[in-house]
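A.B. asks: As given, the protein sequences belong to chains U and Z, one line each in that order.
Taking the working numbering, the leading residue of the first sequence gets 605, the next gets one more, and so forth.
Taking the working numbering, the leading residue of the second sequence gets 605, the next gets one more, and so forth.
Don't read these hints as lab results, they were simulated from the structure.
Among the hints, a few may not be true.
For chains that are exact copies, the list does not tell them apart, and a pair is met inside one copy or across any two.
[Said to hold, decoys possible] Simulated pairs of lysine-lysine, DSS-like, Cα-Cα distance not exceeding 30 Å:
no.	residue 1	residue 2
1	LYS663	LYS758
2	LYS684	LYS663
3	LYS663	LYS637
4	LYS663	LYS626
5	LYS762	LYS655
2 protein chains.
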Amino acid sequence: MAEPIDFYFDFSSPYGYFMSEKIDGIAAGFGRKVRWHPILLGVVYTVSEGKPLTELPLKGDYAVRDIARSARFHGVDYAKPDPFPIPTQAAARAYYWLHDQDCALARRFAHAVYRAYFQSGRNIGTPEVVVDIAASLGVDGPALAEALQSDPVKTRLKTACTDAIARGVFGSPFVLIDGEAFWGIDRLPQIERWLDADGF
Amino acid sequence: MAEPIDFYFDFSSPYGYFMSEKIDGIAAGFGRKVRWHPILLGVVYTVSEGKPLTELPLKGDYAVRDIARSARFHGVDYAKPDPFPIPTQAAARAYYWLHDQDCALARRFAHAVYRAYFQSGRNIGTPEVVVDIAASLGVDGPALAEALQSDPVKTRLKTACTDAIARGVFGSPFVLIDGEAFWGIDRLPQIERWLDADGF
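Take these sequences, add in the hints, and give me the full structure.
C.D. replies: Below, the structure written as C-alpha cells:
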C-alpha cells in the first residue's frame, strides 16, 4: 500500500482552491489517498521571504488575470472574492479540530469553506462565518466557536505550520509525493506523470 | 496575418531556456511567428521585487530539483551549470547587435548561447565566451567585442528592459500573445489552448 500524498494549502489561496478540486480524484486514479494540511502562508512566508501576490508590483496585476484564466483552464468555478487575501486561522483551526473527530467531515468542511470563499464570495476570514459553514454540515457550532479560542487547537495549527516548513513547504498549493515536492496547480501534469511512472 | 508572439527571457534563466526550445515550434503550429527579447532579470527585479531563486530560502532548494525534473518532463537536455546565476549583459547585447543585422543569425546565436550554458556548462557570463560562440557561427568576433562596449548597444538593451517592464514583464520566461500574458514554462498548455481557440 503506497503512502498517502500530502497536500498543503492556505484557505486564502486561489491556486490552492483549484488543487483542492483536483487532487483527490487524480490520486484516487492511481490508488492513492491524500492527507490535507491547511497552513498559514503568513507564517510560512516569514521563513521563505514570500509575500501575498496582491502586494507584488507587476506580478499582482498578472495574478488577477492568471487566476481567472487558470480557473477556466482547469474547469473550476471561480469568482474573484473581496476582500482578498484574508486571515485563515479560524478556518484552519476548525479543520484540525474537526479532523481529530471525523476526517471525512473535515474534508467536506474544507471543500465547503473554499467554495464559500471562491465561488460565493463569503468572507471566511471571520470565525462567525467559519462556524456557520461548519454548522450547516451538522457540526456543534458553539462547541466549535469555543474550540477556535482554545490553546490546544491553536497549538495544533502552529505545529502544522512548523512541520510544513520543516518539510520545505513555502507556498500553496504544495504537494509531497514520496518525498518529491510539487509547488503550484501548474505542476499537475508532472504530478500525474510521477504517480503514473512512480517517478520520472 | 496574426501578430507575432513576444517571448521575453534572461539567458541565465533555466525555465527561459526550456521555453526557447519549445515556443517557436508551438507558435509555428498555429501559423504564428515569435519575437525574442532577451532582458536582464536583475533590472526587472528592481521593479517587481523579485530575487534570484538561489537566494530564496526553501524555494531555492526546491528549484534545483524542479528545474531538473521539468527538463525531463519537457524532454529538453539540461545539466545544472556552475556558476549560476550569471550576468547576461554581454549575451543580451550581442543578441540585439546581431538582430539588427540578421535576425535569423540572432536566433541561432540565442540557441547556441542557451545550449552552451545549460547543456555544456560554459560560462556565458563573460564577453569572451559570448564572442567565441558568435564567432563559431561566422560572426566577426573583434567587431562584436567592440560593439559590446558601445553606448548604442548598451542603450538598446536598457531600452529593451524598460519596454519589457512597461508591458508588465516581471520574470522569465514571459510570453505575450495579443496582449495576454503567460509567465513560466508551466503555462505552455494554456498558451497552446489560447492559440488554438483564439483565447479562452
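A.B. asks: Go through the copies and call it for LYS663 and LYS758: within, between, both or neither, with a Cα cutoff of 30 Å.
C.D. replies: The answer is between: 27 Å across copies meets 30 Å, while 33 Å in one copy does not.
A.B. asks: How would you classify LYS663 and LYS626 at a CA-CA limit of 30 Å: within, between, both, or neither?
C.D. replies: both (25 Å within a copy, 24 Å between copies)
A.B. asks: Indicate which option fits the pair LYS762, LYS655 if close means a Cα-Cα distance not exceeding 30 Å: within, between, both or neither.
C.D. replies: both (19 Å within a copy, 28 Å between copies)
A.B. asks: At most 30 Å between CA atoms: does that hold for LYS663 and LYS637 within a copy, between copies, both, or neither?
C.D. replies: Answer is between: at 26 Å across copies they meet the 30 Å cutoff, but 34 Å inside does not.
A.B. asks: Could you figure out if LYS684 and LYS663 sit no more than 30 Å apart (CA to CA) within one copy, between two copies, both or neither?
C.D. replies: Both: 16 Å inside a chain and 27 Å across chains, each within 30 Å.
In summary, this structure violates none of the numbered hints.
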